[in-house]
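So the protein sequences, as listed, match chains S and Y.
My numbering puts the first residue of the first sequence at 1, with every later residue one more than the last.
My numbering puts the first residue of the second sequence at 1, with every later residue one more than the last.
In short, the hints are calculated from the structure, not lab data.
A portion of the hints provided could be inaccurate.
What the simulated footprint calls covered on chain S by chain Y, stretch by stretch (three residues with Cβ under 8 Å from a Cβ of chain Y suffice, anywhere in the stretch; the number is not a length) [as the list claims (entries may be wrong)]:
(1) 37-46
(2) 129-136
From the structure, some residues in chain S lie toward chain Y, with a derived Cβ separation under 10 Å [to be verified]:
(3) L211
(4) I382
(5) N387
What follows is a set of in silico ranges between Cβ atoms, one per label pair, in the way DEER data are often shown [as the list claims (entries may be wrong)]:
(6) Y:N117 to S:K189: 44 to 52 Å
(7) S:R93 to Y:I106: 33 to 41 Å
(8) Y:N117 to S:K42: 53 to 61 Å
(9) S:N192 to Y:N117: 57 to 65 Å
(10) S:N322 to Y:I196: 53 to 61 Å
(11) Y:S42 to S:N322: 33 to 41 Å
(12) Y:F148 to S:L364: 57 to 65 Å
(13) Y:L241 to S:D400: 58 to 66 Å
Idealized CB from N, CA, C, for every residue including glycine.
The residues making up each chain are set out below.
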Amino acid sequence: MKFFLGKMLLKKPKKSICINIILLLLTFSINPLISRIIEVDKSGILRTIKSAVNVARDFDTIYIKKGIYYEKDIYINKPLTIIGENGAIVDCRSEEGFGFLVKTKNFIIKNLTIKNIGISYIQDNAGLKFDSCENVLIENITIENGFFSIYFSRSTNFTIRNCKLSGNKNRTESNSGNGIHLWYCSNAKIENNEIRFQRDGIYFEFVKSSLIQNNFCENNLRYGLHFMFSDSCSYRGNTFKHNGAGVAVMYTNRVYMVENTFVDNWGPSSYGLLLKDIKRSYVSKNNFLNNTVGIYMEGTDQTLFEKNNFFKNGWALRITANCEDNTFRYNNFLANTFEVATNSSQSRNIFDRNYWSGYSGYDLNKDGIGDVPYIPVSLFTIIVQSNNYAVLLFRSFFVDIFEIAEKIFPSIVPKYLVDRKPSMRQFKW
Amino acid sequence: METLYKITKFQIQNIIRSNWIIIYTFGLILTTSLIIYFTNDSSKVIVSLMTIMFILNPLIGILFGSIYLYNSREFIELVLTQPIKRSTLYSGLFLGLVIPFILVTIVGVGLPLAASNLIEPDLIGNLLSTSILLVCIFVSIAFLITTFIVERSAGLGIAFIIWLFLCWIYDGFLLFFSYAFQDYPIERIILALTIINPIDLARINILLRFEAAAMLGITGAVFQDFISASLGKVITFAVHLIWIFIPFSIGYFRFKKKDF
Numbered sequence: 001m002k003f004f005l006g007k008m009l010l011k012k013p014k015k016s017i018c019i020n021i022i023l024l025l026l027t028f029s030i031n032p033l034i035s036r037i038i039e040v041d042k043s044g045i046l047r048t049i050k051s052a053v054n055v056a057r058d059f060d061t062i063y064i065k066k067g068i069y070y071e072k073d074i075y076i077n078k079p080l081t082i083i084g085e086n087g088a089i090v091d092c093r094s095e096e097g098f099g100f101l102v103k104t105k106n107f108i109i110k111n112l113t114i115k116n117i118g119i120s121y122i123q124d125n126a127g128l129k130f131d132s133c134e135n136v137l138i139e140n141i142t143i144e145n146g147f148f149s150i151y152f153s154r155s156t157n158f159t160i161r162n163c164k165l166s167g168n169k170n171r172t173e174s175n176s177g178n179g180i181h182l183w184y185c186s187n188a189k190i191e192n193n194e195i196r197f198q199r200d201g202i203y204f205e206f207v208k209s210s211l212i213q214n215n216f217c218e219n220n221l222r223y224g225l226h227f228m229f230s231d232s233c234s235y236r237g238n239t240f241k242h243n244g245a246g247v248a249v250m251y252t253n254r255v256y257m258v259e260n261t262f263v264d265n266w267g268p269s270s271y272g273l274l275l276k277d278i279k280r281s282y283v284s285k286n287n288f289l290n291n292t293v294g295i296y297m298e299g300t301d302q303t304l305f306e307k308n309n310f311f312k313n314g315w316a317l318r319i320t321a322n323c324e325d326n327t328f329r330y331n332n333f334l335a336n337t338f339e340v341a342t343n344s345s346q347s348r349n350i351f352d353r354n355y356w357s358g359y360s361g362y363d364l365n366k367d368g369i370g371d372v373p374y375i376p377v378s379l380f381t382i383i384v385q386s387n388n389y390a391v392l393l394f395r396s397f398f399v400d401i402f403e404i405a406e407k408i409f410p411s412i413v414p415k416y417l418v419d420r421k422p423s424m425r426q427f428k429w
Numbered sequence: 001m002e003t004l005y006k007i008t009k010f011q012i013q014n015i016i017r018s019n020w021i022i023i024y025t026f027g028l029i030l031t032t033s034l035i036i037y038f039t040n041d042s043s044k045v046i047v048s049l050m051t052i053m054f055i056l057n058p059l060i061g062i063l064f065g066s067i068y069l070y071n072s073r074e075f076i077e078l079v080l081t082q083p084i085k086r087s088t089l090y091s092g093l094f095l096g097l098v099i100p101f102i103l104v105t106i107v108g109v110g111l112p113l114a115a116s117n118l119i120e121p122d123l124i125g126n127l128l129s130t131s132i133l134l135v136c137i138f139v140s141i142a143f144l145i146t147t148f149i150v151e152r153s154a155g156l157g158i159a160f161i162i163w164l165f166l167c168w169i170y171d172g173f174l175l176f177f178s179y180a181f182q183d184y185p186i187e188r189i190i191l192a193l194t195i196i197n198p199i200d201l202a203r204i205n206i207l208l209r210f211e212a213a214a215m216l217g218i219t220g221a222v223f224q225d226f227i228s229a230s231l232g233k234v235i236t237f238a239v240h241l242i243w244i245f246i247p248f249s250i251g252y253f254r255f256k257k258k259d260f
């Protein structure tokens, strides 16, 4: 017993000392991790965001109170969280320079409005400019009258969501910038943003493994989405409406385009979706409505187009001769002026089981598949492909008669571009 | 002036009394309403109406005009025995034929269109005015034919061929021409050639005013620049007027000297 008690007495203080030491160590080590909240207030001690950033230590939170802050070139080089109160506005007064310039890891910015970013022809002025960043979250940011709005270069792991970005509707392509501009980035996630009156709504160049989801790009001067050299990216559920030239996806492998809506991209050089040098991609369940050209394809290979709706486009598809091994299946082609146009003299793409509203064949065995193959290329598109001036005969009596004659005595329209199993019923996707 | 008015009035009464212009009017109203009812899409309606107004209407104009003039040969001879100037008689006949056609177009196509509220009034106005100009052109061509060719069947044949040429064969030549010279910068020549033909000019003029314009691409853009410019508008109108004026005046000079 004595021995036991002695052992206890000997041990007990040892243990508590251990715990104390550990606790002490912990408190010392945690201390710098306890972030402070620094308030910026028009009538407080810190009246500018810049001064707050200077005062802040790593991982502090800067809380911006309501008011208009006439500031620009706010340079951030430490991990911070910036949160704005409702009505907190940063106004750059259209002067040369950035709103925020961020070069750090672990940065969060939320609930802020940035206004009037200056035009520059030399540098890419942006509301929020990020260079070599990691782990960034941008949420609920409104940018009005922007040049570039959100600009990332050489960054990875970031999310942009619920932002409203708009440029100036009175500008031209040359003096406006892009809404969300990504250059050499990876693992980006862009969700639920609304982008208007920018040059390109969303611009991707050399971006890898990123997701663009549920965004709304409208009335942008050039492209709703401009997408180059960005392999393994996917975009889904976005709406691209009435942009100058629609959406362009170029020089890319493995793009995943699902459930997007391309609408009202109407003009002499405008497309719903422009695909140039695309390989091994997937285009599915998209809606193409009221575009001059639904999909314009050039050098596109091994891509699967399925379950898309083409409705009321000038041309549903324009396929140049250098497109190979693409498959079109289970698509709906409804009320397009022309269904498919091509300048190819060989069949290199497969059309299978699409629904064509221009189809007038029959189905004797009632299996839902038409017994007569359907050729979706019309004579006039063939003529126009080889002779640009012939387009002047569009909607003329001459062409109408010619088309009828061609239907009765087929001679010019190529037989190779054919859907051998056209569906009798419209698909519901 | 009074005699001109009297002749015109008599003509119009006479034409309306012959039932088939009324039948034609109702036919137009019915077709237009059906097109509007079944398509219910402004651009498609315009395209369908373009066929009626720019192809069918001129055909009716030129054929009905020639037939009517051949039929009223005795009436003309009778009037000529009276102390009436030939120019007055000629203009009276022309106005008396053209005015019913204008009314038919306005009532047959304009009314259903205006009632449906599908197309903006600006474009309706454009469609109607272009169509009216076209009818005037073809009626004046009918006058030209009937003053020169006495024999009825030959005259009607020529009327039909002229219509066919302007609305069909000419386009074929245009296509052939553009194929033959497509390596050359022939935009302006094509532009000129298209403008010369009143039916082509009317078609392109309307096409460029609604959204199909974008489908014409670069060649269309050249036209758009030309036609939407104020000079282009003047020229478009002038070409149509010239097309009315030249056949009318040639026919008039012939009519003046013609020995009935």
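Hint check:
no.	hint	result
1	37-46	violated (count 0)
2	129-136	violated (count 0)
3	L211	violated, 32 Å
4	I382	violated, 12 Å
5	N387	holds, 5 Å
6	Y:N117 to S:K189: 44 to 52 Å	holds, 47 Å
7	S:R93 to Y:I106: 33 to 41 Å	violated, 58 Å
8	Y:N117 to S:K42: 53 to 61 Å	holds, 54 Å
9	S:N192 to Y:N117: 57 to 65 Å	violated, 38 Å
10	S:N322 to Y:I196: 53 to 61 Å	violated, 39 Å
11	Y:S42 to S:N322: 33 to 41 Å	holds, 37 Å
12	Y:F148 to S:L364: 57 to 65 Å	holds, 59 Å
13	Y:L241 to S:D400: 58 to 66 Å	violated, 28 Å
Of the numbered hints given earlier, the model fails hints 1, 2, 3, 4, 7, 9, 10, 13; all others are met.
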